[in-house]
Structure formats: structure tokens, C-alpha cells
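Read off the chains here:
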Amino acid sequence: MSTTNVETGKGTKDTEHLKKIDFKMISFTLAGRDYGIDILKVKEIRKAGNFTKVPNTPVFVRGVDNLRGDIIPIIDLRTMFNLPAETKDPASLENIVIIRLDALILGIVVDTIEKVVGISHETIQPPHPIFGDINIQYINGVVENEGRLYIILDVDRIFGDSEPVPTAVASASVNDEGDVPLTASAPAAATGSLPLDLQFVAETLAAFGQFHLSPVNQDWVTKRLGEWKSLREAKGLDFQLTLKEEAQEFLAPFASRHTGQVWAAASVAELSEILKFDGSQIAVWNPGCGRGYESYSLALLLQTRFSKFSYKIWASDHDLLNISTAPALVLDEDSIDLEWKEFTVQSKNGLQFSTDLKGHVLFEFHDVNHTNPMPEIQLAVLRDLLSYLKVSDQEKLISELSEKLKPGGYLILGDNEKLQNSEWKDVSSAGWSVYQKLESVTDARGVN
Amino acid sequence: MKTKVDFPSINQKEPDGRRPDGSSFRVLVVDDSMFVTKQIGQILTSEGFEVVGTAADGALGVEKYKELFPNVDLVTMDITMPNMDGVTALEKIIEFDKNARVVMISALGKQDLVKQSLLLGAKNYIVKPLDRMKVLERVVSSLQ
Amino acid sequence: MRVEYINPFVEAAYNVLTEVLATDVKRGNLFLKSATKPVMGVAAIVGLAGEVEGRVLFDMSKSTAVKIASVMNMEELTEIDDLVKATISELANMITAQAVTKLHELGFKFDLTPPALITGDNMEISDQEVEALIVPMESPHGNIEINVAVRERS
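Protein chains in written order, with my numbering: chain E, 187 to 634; chain L, 6 to 149; chain Y, 43 to 196.
The hints are simulated quantities; they were obtained by calculation from the structure and are not laboratory data. The reader is advised that the hints may include incorrect statements.
Straight-line Cα separation of at most 27 angstroms, BS3-like style, residue types lysine-lysine; simulated pairs [to be verified]:
1) E:K498 <-> E:K462
2) E:K582 <-> E:K604
3) Y:K75 <-> E:K590
4) E:K576 <-> Y:K75
5) E:K206 <-> Y:K151
6) E:K592 <-> E:K498
7) E:K498 <-> Y:K151
8) L:K120 <-> L:K139
9) E:K206 <-> Y:K104
10) E:K210 <-> Y:K75
11) E:K576 <-> E:K590
12) L:K103 <-> L:K69
13) E:K611 <-> E:K592
14) E:K604 <-> E:K415
15) Y:K151 <-> L:K120
16) Y:K75 <-> Y:K104
17) Y:K75 <-> E:K582
18) L:K139 <-> L:K103
19) E:K576 <-> E:K611
20) Y:K75 <-> E:K498
Looking at chain E on its own, in the form it has when it is part of the complex (with noise of 0.2 angstroms):
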């Protein structure tokens, strides 16, 4: 590992329950506040002073510094944000952390080093303005350890530009979180730009309606923001969105058809035509199910327009009221086109799907962001689910899609999101919005 030479603060009994320590950060203080560095980025730490002045540098570059032969630049990351800064006499010896972030090695200065902490890295927080005197978009996340709340940096972002001014021209392109720096002005490069505001709205969206801009749901997005600004602007208002009710307004048209109901005949029809299945069985995965409607429906598909098949459904959700209520669905006699009614029996609660339509789907509590269990399917469908899934998430949901699926399957998203993948092929029509899983050279497992 690195060659940081640092006493593990081991003194304190951990009076904590043993969680699996996977992180590993270096503490310091900043302002009188706890922060804290992945230790695999921090080469050592010492105390050093009197640097070496360079002219036409930003304020917040104390320095350089000769690390034995090595001239680093000194950051001060108080200056750098504009935290409250004890003036030092600059003879005296300061703390300093140095990282090194791949060829880059840069010592910054910090109030007091603390110590290593251990963490698991399932306990670290998401980070949330509340939390940052300084920019959001350079933390990685808030950790609670023994009391004391850490906010670990992420120091690629902050350095990472070999400019390191952070409050100017910063990478604008969406973070992990999917949730994009409000500040963040110039565009960066690589990733394309976006535009200011619909930086704020995406902020918005993910703090007040768990949505989460990408580029499944961007172009969506981009086209509700231009909507949403003409009747604001007709209302006299302006298009931010402060409330929740503003973000949930924002996102009310983004559900797709039917959602909450039984699929309507036509809408099963069309689909029908796009969909073409090879063999004999027919796995599906419906993750998001909700209360099962569309499990359901998905199951009317099959049978009425795939009869030769034998199907099986996998439907989840993490609601667990919802997944609950699934099996036993009662159904509103007078929302279910004719067509299904053959499916349908009286119960003593109410019209239900009947035992056999049932016999094809098995209602699952299930978190979608866990591990996988499913066999090979044929038809993933998954609609409304990745856009309020965090971006990492979704890409990695996205990927296991890929894997799953048999080469030829279906990807069935909602009728606002897209998928703008090379492994995808767009069969999309009537408003369906509908992926083909591409043969693949790399393919091992062959054609079916």
C-alpha cells in the first residue's frame, strides 16, 4: 500500500459494533471541522514550513516544497475554501498531507492530522449541501465514526484538472451521484456540456424526487424544462424548483402509459408486434412492479399473443406494502378491457386474475441494487425504475441487463427513457420504448 507512516488512532476502545473495514481515510481538521482523505491516495504526512514562494500563483498555493528532491506544489485547502484560516507565523511548521493522484504529488496543508479511521464503506453517506462548507461536487461522501462526522474529500476532483481552481472552470459533467454541482459553471470537455439550468433542476429532482438525470432520461428532461419554463413564465413565476410539490409537478407527465392499471388491449397489441421470441420459454424480469399491474399485464401479453410459449414472470419491488399486496390484487371491474375479462374470477374480495394467470408470476421483495439472482431471461422490463435510481446505479443495473439478457431479448424502459448504447439495438414504436439485446462477437454463450 502507500508508505504512509501514521499511528493508527487505536487508543479509543471500539465500543462500536465490528463492521467490515474497507476504507480506509486519513482524519484532519479543517476550520474545526473533521475531514478525511482515502488513504490510498495519501503518500505520507508530515510537518513542514517555509515554502517557497511562487510568483503569479493562485492565493491558496502557499508554496512549494522540497520533498526530498521532489518539488511539490502546497495547497492550502482553507484558502482554496475560503475557510476561516489560524494566521501562522511562516516559520513555523505546518501539517501536511501528501497525496499523489496518479502522476500528480501535492502536499496540502490541513489544522490537525488526526488520525487513520476504518470504516465500512457501506456507512458512508451520500454528501448533501448541509453538510459542505465547501462545494458539494468535492465531496465524496459524509462518514459517522465514533461520534465524529467525517466529510471525505474527494481530492481527484478537486486536483484533478492539472489547474486546480475549483470554484471557476470545473468539470460540469454529471458526478457519480448522478446529482450535478450546483456551482459548476464552464463546460468540461470530454463529457459535453450541460446547460446551467438544467443543472439546478436535476439537483432539484434528485434532492426532492429521488429522479436522477442521465442520459436515459436527459433528453426528456431537457424537453419538460423548456415546457415547464413557457408556463412559468406565463404564470409569472420563475422555472426554479424549490418545493417538492414543484419537482413532483415537474416530473408528473414523465410516468409512463398505464401506470397503476392494467395494461389496455391496443396498447398490448402494439407491443406484441414488436416483440419476437425464439424457443419454447420465455423468462421475464420485472423489477419496480409496484402493486403488480403490470406484472400482470405482462402476463395477459404473453398468454393472448405468445401462446405457444410457456412464460414465467419475476416481479419485484422494494416496497414492501405494495410487493405484498401483488398476489391478491383486486382488480376495478370496470378499468379492464373486455379482452382480459376470460383472466378474471370473483373472489370474495373482489374480481382477481384468475389462479392459472397467477400460476405465471412470482411477486418478490427484492432491492434492485442487490445482487442478481436471476437465471437468463429473454424480456427484462423495467419502466420508471433507472431514472430514479442513482446514475452509478443505473449503469450498473444497465450493465447486468446486458449480461442477462439472451442475445435477441427485449429491454422494455419507460416510455421516456432511452438507452443510447451500442450493445442496444432501438426497436422502439407506439410509444414503447423497447432495446433488442445485440448478437455480440465477444458473446460466449453463443446464439439460443
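Model the placement of chains L and Y on the given structure of chain E, informed by the hints.
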């Protein structure tokens, strides 16, 4: 273990575990759980029975029965045990002594094995968690 | 975890615990876990087999185990000895057996293996590849977490 009904009866009756002549019925407890053995022991001794032996698996249970014979009146036999299970042990004991009185102790969900045991000659069965009244009832009825 | 499996475990835990502890037991919120978590000190594991495979794990601290065993044996026990271990194993067995019986009634044929009891310090359960349902039960003697991971055999 506390039970729902556990108070001394108004009418002083003879403890279930004693014969009319005052001597105790002798019981062999076969169970792999120390806890269950202790429980059964407590319930029975409190009613005047005498626990003359214990065994922690079916094979040891059969051995013990042969040792104690004819000075044992009843066996309580756990169904799931390592080495030799209760049903097999029951079979062997009945083979050895066709008049042996064996009561099966079972956890829920072992209906089939309980039925098998009754067919093989077990007199009765008790389901865990052990309820004092039930234990005594079934044991007494097996001794009839 | 399949929706139909949830209630039997929750009910069995509640029923058996209230009966053997002769006290009120509260059920915390159910949640799903798929990561490593530390064991509180004592873990009783019962295997599930048949149409499904998996296990049920009963997790509690050493002091809770001792207190519960004391109540169940109606005597003051002070440390994790063989009797305490046998008692907690039996408790795990009873709860799982009752859940399995309910599941039988619903048409799911499960079978269970005899319990294994593990005690130690600094132990962990790794559920990295498995999703487990956690049913937290709160008793006056401490908390017991019931950790169920079971799937249909594919």
C-alpha cells in the same frame, strides 16, 4: 418454561407420575438437545415421575433401553437426532420389547415422521414447544 | 425473497418468542440486506431445503442469549455454556419449524436441517452474493435479528 395454565389444582390429586402403590413411573428421555431433555425432566419429575436415564442420540437410546429393561416404563423419543433418528430407534426398541411404551417428541412440520412412528408402535406424540399440560396428558395416556 | 414466504417467518418469530418469553415482543421494520454485516455475538443457523434452498439465521448478543436461556430454563444462567447453546438452538428450531409448517399449509414444501450454533467475537455474515430479509424483533432481553435468505431452486 412457563405455561399458560400452571397452578396447583384445588383438589389435591395424586401426582400423575406415581403408581397407586406410591412408586414412580420410570422414564428414559432420548433427545439430542440438552435443553429439551432438561425441560421434559423438570416437567416429569415435578409430577412424581423418575427419570432413570437419558441419551443424546437414537443409538445410545436403544442401548440404554436394553440396559434398563425391564426397569423402564416409558420412553420419550425425539424424532430428529444425529447418528440414529427417533423413528429408527423406535423400531429397534419395539423389536427388542414389543410392549415398550414410546412417546415421540417432534418439532412442528414433521407430521409424516410422526405418522410413521405411530404406525410402528409409538403410543403417542408431543409437539414442541413443550406445553406442560400436554406433556403430562400424553405421557399419562401412554401409560394406560 | 418471495412475498409469500415473508409472513410465515414474521408470524412464527412473533408467536414463539411471545410464548417462550411470556412477554411482549415488538417487531421492527423489515428490510433487505445484501452485504456483510457483523454478528452480534451468538448466531443460530437453520438450513432450509426442499423446493427451496437457503437458511435462517438468528442473531443476538451474548447477553441476550444468556437472558433468554435463563427465562426459558427458569433459572439464572450467567454465561454461554452448553445449556444456553442448547436452549438457543432449540429456540431457532422452534421458530423455523413453525414457519415451515405455515409454509406447508400454503403449499410450499420446505424442510429444515438441525440448527448450528455459533458464538464468538468479531464474527461477520457475508451476504454479498445473497439477498437476505431481516426481521428485527425487540424483546425486553435485547434484540434478536432474524435473517432469512431463501430462494426457489431454479
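Sort out whether E:K592 lies within 27 angstroms of E:K611, counting only the CA atoms.
14 angstroms, holds
Does the structure keep E:K210 and Y:K75 at a Cα separation of 27 angstroms or less?
23 angstroms, holds
Take a quick look at whether Y:K75 and Y:K104 sit within 27 angstroms of each other, Cα to Cα.
23 angstroms, holds
For the pair we were handed, E:K604 and E:K415, check the Cα-Cα distance against 27 angstroms.
Status holds; Cα separation ~23 angstroms.
Agreement of L:K139 and L:K103 with the hint, judged by alpha carbon distance not exceeding 27 angstroms:
25 angstroms, holds
Are E:K576 and E:K590 close enough, with their CA atoms no more than 27 angstroms apart?
Holds, because 21 angstroms separates the two Cα atoms, which is no more than 27 angstroms.
CA of Y:K75 to CA of E:K582, is that 27 angstroms or under?
18 angstroms, holds
Holds or violated: E:K582 to E:K604, with C-alpha atoms at most 27 angstroms apart
Holds, at roughly 16 angstroms.
Pairwise hint evaluation, E:K611 against E:K576, where the allowed Cα distance is 27 angstroms at most
The given pair, whose Cα atoms are some 24 angstroms apart, holds under the 27 angstroms limit.
Measure nothing beyond the straight line between the CA atoms of L:K103 and L:K69; if it is 27 angstroms or shorter, mark the hint as holding.
Measuring from Cα to Cα gives roughly 16 angstroms; hence the hint holds.
Can the restraint linking Y:K75 and E:K498 be considered satisfied, given a maximum Cα separation of 27 angstroms?
25 angstroms, holds
Are L:K120 and L:K139 close enough, with their CA atoms no more than 27 angstroms apart?
18 angstroms, holds
Checked against the numbered hints above, the structure violates only hint 5.
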